[in-house]
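Colleague: Below are the chains, spelled out letter by letter.
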Amino acid sequence: MTTFIVRRLVSLLLTLLGGFTVLFILFFALPGDPAELMAGGGNKNPSPAVVAAIREKFHLNDSVAEQYVRRLGETVTLSGTSYQTKEPVRDVVAERLPNSLRLAVWAIAIEITVGVGFGVLSARRRNSFADYASTLSAVVMSAIPVFVLAYLLKQVTGVYAFQHNWPDALRLPPIGIGPKEWYLGFIPSLEQLKYLIQPAIILASVSTAIVARLTRTTVLEASTMDHVRTARSKGLRDGEVTRRHILRNALIPVVTFLGIDFGTLVGFAVLTETVFDWPGLGSKVARAASTGDLPVVLALSMVVMLVYGLANLIVDVSYAWLDPRIRRNGGAR
Amino acid sequence: MGERLLSIEGLRVGFDTDDGRVQSVRGVDLTIDRGEVVAVVGESGSGKSVTALAVLGLHPKQRTVIEGCIRWHDEDLLAASEDRLREVRGGEIAMVFQDPLTALNPVHTVGRQIIEMVRSHRGGSKQAARDRAIEMLGLVGIPQPTRRVDMYPHEFSGGMRQRAMIAMALSCEPQLVIADEPTTALDVTVQAQVLELLVSSTEQLGSAVLLITHDLGVVAGLADRVSVMYAGRVVERGTIDEVFAAPSHPYTQGLLRSLPRVDADGSDELIPIGGQPPSMLAPPSGCAFHPRCGFAAAESGCADRLPELDADTHGVACWRRAEVAARNAEVGT
Amino acid sequence: MTIDSMSLGTDLPDADATLAQAGVGRSLAQDAWRRFRRNRLAMVGLGIVVFLILVAVIGPFLVQDPTSYSKRVFLEPPTNQHPFGVDRRGGDVLANVVHGIRLSLFIGLLATILETVIGVVVGAVAGWFGRWTDAFIMRFVDIMLGIPYILLAYAFITVLGKGVAAVVLTLALTAWLQTARTVRAGFLQARELEYVEAARALGVPSRRIMWRHILPNVFQPVVVLIAVGVGSAILAEAALSFLGVGVQFPDPSLGRMIAEFSSDFPRAPYLLVFPGAAIMLSVLGFLLVGDGLRDALDVKDV
Numbered sequence: 001m002t003t004f005i006v007r008r009l010v011s012l013l014l015t016l017l018g019g020f021t022v023l024f025i026l027f028f029a030l031p032g033d034p035a036e037l038m039a040g041g042g043n044k045n046p047s048p049a050v051v052a053a054i055r056e057k058f059h060l061n062d063s064v065a066e067q068y069v070r071r072l073g074e075t076v077t078l079s080g081t082s083y084q085t086k087e088p089v090r091d092v093v094a095e096r097l098p099n100s101l102r103l104a105v106w107a108i109a110i111e112i113t114v115g116v117g118f119g120v121l122s123a124r125r126r127n128s129f130a131d132y133a134s135t136l137s138a139v140v141m142s143a144i145p146v147f148v149l150a151y152l153l154k155q156v157t158g159v160y161a162f163q164h165n166w167p168d169a170l171r172l173p174p175i176g177i178g179p180k181e182w183y184l185g186f187i188p189s190l191e192q193l194k195y196l197i198q199p200a201i202i203l204a205s206v207s208t209a210i211v212a213r214l215t216r217t218t219v220l221e222a223s224t225m226d227h228v229r230t231a232r233s234k235g236l237r238d239g240e241v242t243r244r245h246i247l248r249n250a251l252i253p254v255v256t257f258l259g260i261d262f263g264t265l266v267g268f269a270v271l272t273e274t275v276f277d278w279p280g281l282g283s284k285v286a287r288a289a290s291t292g293d294l295p296v297v298l299a300l301s302m303v304v305m306l307v308y309g310l311a312n313l314i315v316d317v318s319y320a321w322l323d324p325r326i327r328r329n330g331g332a333r
Numbered sequence: 001m002g003e004r005l006l007s008i009e010g011l012r013v014g015f016d017t018d019d020g021r022v023q024s025v026r027g028v029d030l031t032i033d034r035g036e037v038v039a040v041v042g043e044s045g046s047g048k049s050v051t052a053l054a055v056l057g058l059h060p061k062q063r064t065v066i067e068g069c070i071r072w073h074d075e076d077l078l079a080a081s082e083d084r085l086r087e088v089r090g091g092e093i094a095m096v097f098q099d100p101l102t103a104l105n106p107v108h109t110v111g112r113q114i115i116e117m118v119r120s121h122r123g124g125s126k127q128a129a130r131d132r133a134i135e136m137l138g139l140v141g142i143p144q145p146t147r148r149v150d151m152y153p154h155e156f157s158g159g160m161r162q163r164a165m166i167a168m169a170l171s172c173e174p175q176l177v178i179a180d181e182p183t184t185a186l187d188v189t190v191q192a193q194v195l196e197l198l199v200s201s202t203e204q205l206g207s208a209v210l211l212i213t214h215d216l217g218v219v220a221g222l223a224d225r226v227s228v229m230y231a232g233r234v235v236e237r238g239t240i241d242e243v244f245a246a247p248s249h250p251y252t253q254g255l256l257r258s259l260p261r262v263d264a265d266g267s268d269e270l271i272p273i274g275g276q277p278p279s280m281l282a283p284p285s286g287c288a289f290h291p292r293c294g295f296a297a298a299e300s301g302c303a304d305r306l307p308e309l310d311a312d313t314h315g316v317a318c319w320r321r322a323e324v325a326a327r328n329a330e331v332g333t
Numbered sequence: 001m002t003i004d005s006m007s008l009g010t011d012l013p014d015a016d017a018t019l020a021q022a023g024v025g026r027s028l029a030q031d032a033w034r035r036f037r038r039n040r041l042a043m044v045g046l047g048i049v050v051f052l053i054l055v056a057v058i059g060p061f062l063v064q065d066p067t068s069y070s071k072r073v074f075l076e077p078p079t080n081q082h083p084f085g086v087d088r089r090g091g092d093v094l095a096n097v098v099h100g101i102r103l104s105l106f107i108g109l110l111a112t113i114l115e116t117v118i119g120v121v122v123g124a125v126a127g128w129f130g131r132w133t134d135a136f137i138m139r140f141v142d143i144m145l146g147i148p149y150i151l152l153a154y155a156f157i158t159v160l161g162k163g164v165a166a167v168v169l170t171l172a173l174t175a176w177l178q179t180a181r182t183v184r185a186g187f188l189q190a191r192e193l194e195y196v197e198a199a200r201a202l203g204v205p206s207r208r209i210m211w212r213h214i215l216p217n218v219f220q221p222v223v224v225l226i227a228v229g230v231g232s233a234i235l236a237e238a239a240l241s242f243l244g245v246g247v248q249f250p251d252p253s254l255g256r257m258i259a260e261f262s263s264d265f266p267r268a269p270y271l272l273v274f275p276g277a278a279i280m281l282s283v284l285g286f287l288l289v290g291d292g293l294r295d296a297l298d299v300k301d302v
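Residue numbers (the numbering used here), protein chains in the order written: chain A, 1 to 333; chain B, 1 to 333; chain C, 1 to 302.
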């Protein structure tokens, strides 16, 4: 197991280095001159002397190789500075990463409760209304762009609810991060929850539909397994059979999906973060990329890729823990 | 003969499919007394396993139609409540399934699967149930039971897995063990051992055995009585001696002729039964065996009328019993 | 079992006849189509796709010019004259949506064709040559897949510029990775198949083995990937345009329209409904067709 983890960590480091290189080359080849960008943005015409000074200061006249090495060191130690806002990259990460993690954690919580719940329900009551509803919504959900869904939700909670004097709990602020009141890092205050709930729902929407469908399939599959019949022949209660012999087996692939999805949600929530103005990693990376803010792009994408890679690694390790059959041979899949 | 444990009367089991009703069992009578070993023999699709599963009510409720009577001591199990059935399952009647690899849950240790059964019938502490599990594993000849109890099914060899399955079935000292093709999935080399173990360990505990198999050969030295099933009906039944000495149904004769015999002098060739097993969606009219039967004759009505078992002890369901018996005398068994 | 029943007497069938049976025959396509037709959801998807193609081809002749603006009405709810309403510029939303669907399909199809060509070539090279070529290519694919999708898209867009052509290239350059993986897996799988081994043993030249066995084996998952790919490409185009880095004004993109309409959103929610529904319908159609194809062709793990 240890060798397996070490091997995976080395492979993750190689992937990070490769990703860094690809991004460095891509953005280095950009037409815009970072020195001019820093000297005054795209609109003004900065004085050549200032541009030259900046170029000198940020070593932009060095060879590609030298810049690559310097950039790599700067990215690994998170010691760069944003071209755009002059903010230290470390501060950007410190501000954005917790926001992204919080949003992702709550989105995953919704996926587990709603997605797994509906999946089990549709499997147990096959061909019932709930089954058709969750199957249909799963298909439709994967086709609606999240931003359209987000506006629809905002229309209900932000406009309709106020127009029709709905209870306070349903009248929600349309955008923003909220008062930043968190207990133990992840539990929002009631006021904070109002800001969190909408982006969390929207971020979770597509995956929830996928989780429901996946759960339905795996539960149905697991229910027909021979060992379930054995369990029933032993005189176990229905609840025990379902819990220990159907769900325990059926949820292994679901847990895998959720783990990988968490890694995705942390860094890829660009649309949700944009629509709700939630200051997470994804929207910042996107903005930095569109303005050519190389230090921020590189540092944040390394963070995002690291989270993604670690989530995948944890999934593989937990997979071995959940399924004893692959525990012995080093978790190889 | 001891006290009557189980008596199945006029059992009919049908499954509703998209293509119509499949009538797998079409009127089966079967009895088992305390401590007896009764074998049910037939090819796949003859309804023998369906009968076994019906005893414990293990067929899915939807789309299954069960008629007749399954009398356990003095109660009809078909009319029993789900709670009562749970007491019977595992506590009074236990099952051993065909393929121990799929019949045991791969994600739980063997010990845990025995423990949950013991506790659901006998209550008591985890430790007590665990001690019982170890004791049972020792009883069925698994070496190092204290270590094996914490291992997973995939870490056992095929024969050991089936021993563990038998240990589990016997762990609550059931009065009857239904073994559904218990050795079919095993290596030929361990089949005899496992069967021997099944019979000897049940004998030790005083449990009766209903042994279901497609292999008439394996029941010879083990069973007290045998019923031969064909197309959902019993076509011949009697004591082992009766059936082996004077097989009186053409199908039984065919089964015996297709067996290799240790005492054969080489001149006897193995003769397979010609033709295909019938489709239970539309079984042949009259005696279901008539299309494959060498004795079938129009004037006897083989194709028109359903033959009934003609006696309580050595019973045969055949319109041409006299001719078949004559052939027996001729061949000389 | 009697020996007579086994056909020892017959000659070995000639290699070409065996090959023809093993490859993709007409019967397979017919079979797949029969299964596809029985799948109700897939047929709904096909209906949607056909409808959208009709809209894209005929629609522009039936609606007004999306770039002509009314000087009198702005932000008007649906009326007889403007069934989908009027936007803040005075443009007819119906005209914009119809042209938007046309552009979405165009971008989706073109990007998917490009992506499939790249993916098949790269995957085939990796799968055919194996060894270090394969190791190198797949390592690269893994790295690219490890980079956040949106970041990769932004990177390409910043290099390529904005607009329709850039979007098509960006979508193709980010989507081929999955196709390459699938094609390569198909190659590796096909090599293990018994009939390929048999063909090799019978002395069929390796180039013919590739054409007659491996490509059909790869062909089916690729067909599924194409259908699903068009749907994903349409969704991705909408997202990029919504974020302001995709299709630019005045090109009629559905995603761009939603971004614009969102500023008038509390007052005129009806504006969002039609482009939103158009995106959903387009994506849904292709996803359902893809699902249907997956079942009909019995393709797993795509």
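Hint data in this document are derived by calculation from the structure and do not stem from the laboratory. Careful, some of the hints might be misleading.
[To be verified] Negatives, chain B to chain A, calculated, CB over 12 Å:
#1 L58
#2 H59
#3 P60
#4 D74
#5 L85
#6 A94
#7 P153
[Claimed, not checked] One-sided and incomplete, this derived list gives chain A residues near chain B with beta-carbon spacing under 8 Å:
#8 H227
#9 R229
#10 G235
#11 L236
#12 T242
#13 R243
[To be verified] Far from chain B, some chain A residues (derived; all Cβ distances over 12 Å):
#14 L12
#15 L16
#16 T113
#17 A143
#18 I175
#19 Q192
#20 I201
#21 A222
#22 T224
#23 M225
#24 V228
#25 A231
#26 L306
#27 V317
#28 P324
Bear in mind that the values here come from a model prediction, so they are computed numbers and not experimental data. Just so you know, even glycine gets a beta-carbon here, dropped at the ideal spot from N, CA and C.
Colleague: Taking the hints in turn, state whether each one holds.
Modeller: Hint by hint, here is what the structure shows:
| no. | hint | result |
| --- | --- | --- |
| 1 | L58 | violated (6 Å) |
| 2 | H59 | violated (10 Å) |
| 3 | P60 | violated (9 Å) |
| 4 | D74 | holds (20 Å) |
| 5 | L85 | violated (8 Å) |
| 6 | A94 | violated (7 Å) |
| 7 | P153 | violated (9 Å) |
| 8 | H227 | holds (4 Å) |
| 9 | R229 | holds (6 Å) |
| 10 | G235 | holds (4 Å) |
| 11 | L236 | holds (6 Å) |
| 12 | T242 | violated (13 Å) |
| 13 | R243 | violated (11 Å) |
| 14 | L12 | holds (28 Å) |
| 15 | L16 | holds (34 Å) |
| 16 | T113 | holds (23 Å) |
| 17 | A143 | holds (31 Å) |
| 18 | I175 | holds (45 Å) |
| 19 | Q192 | holds (39 Å) |
| 20 | I201 | holds (33 Å) |
| 21 | A222 | violated (10 Å) |
| 22 | T224 | violated (9 Å) |
| 23 | M225 | violated (7 Å) |
| 24 | V228 | violated (8 Å) |
| 25 | A231 | violated (7 Å) |
| 26 | L306 | holds (31 Å) |
| 27 | V317 | holds (16 Å) |
| 28 | P324 | violated (5 Å) |
Hints 1, 2, 3, 5, 6, 7, 12, 13, 21, 22, 23, 24, 25 and 28 from the earlier list are contradicted by this structure; the remaining hints agree with it.
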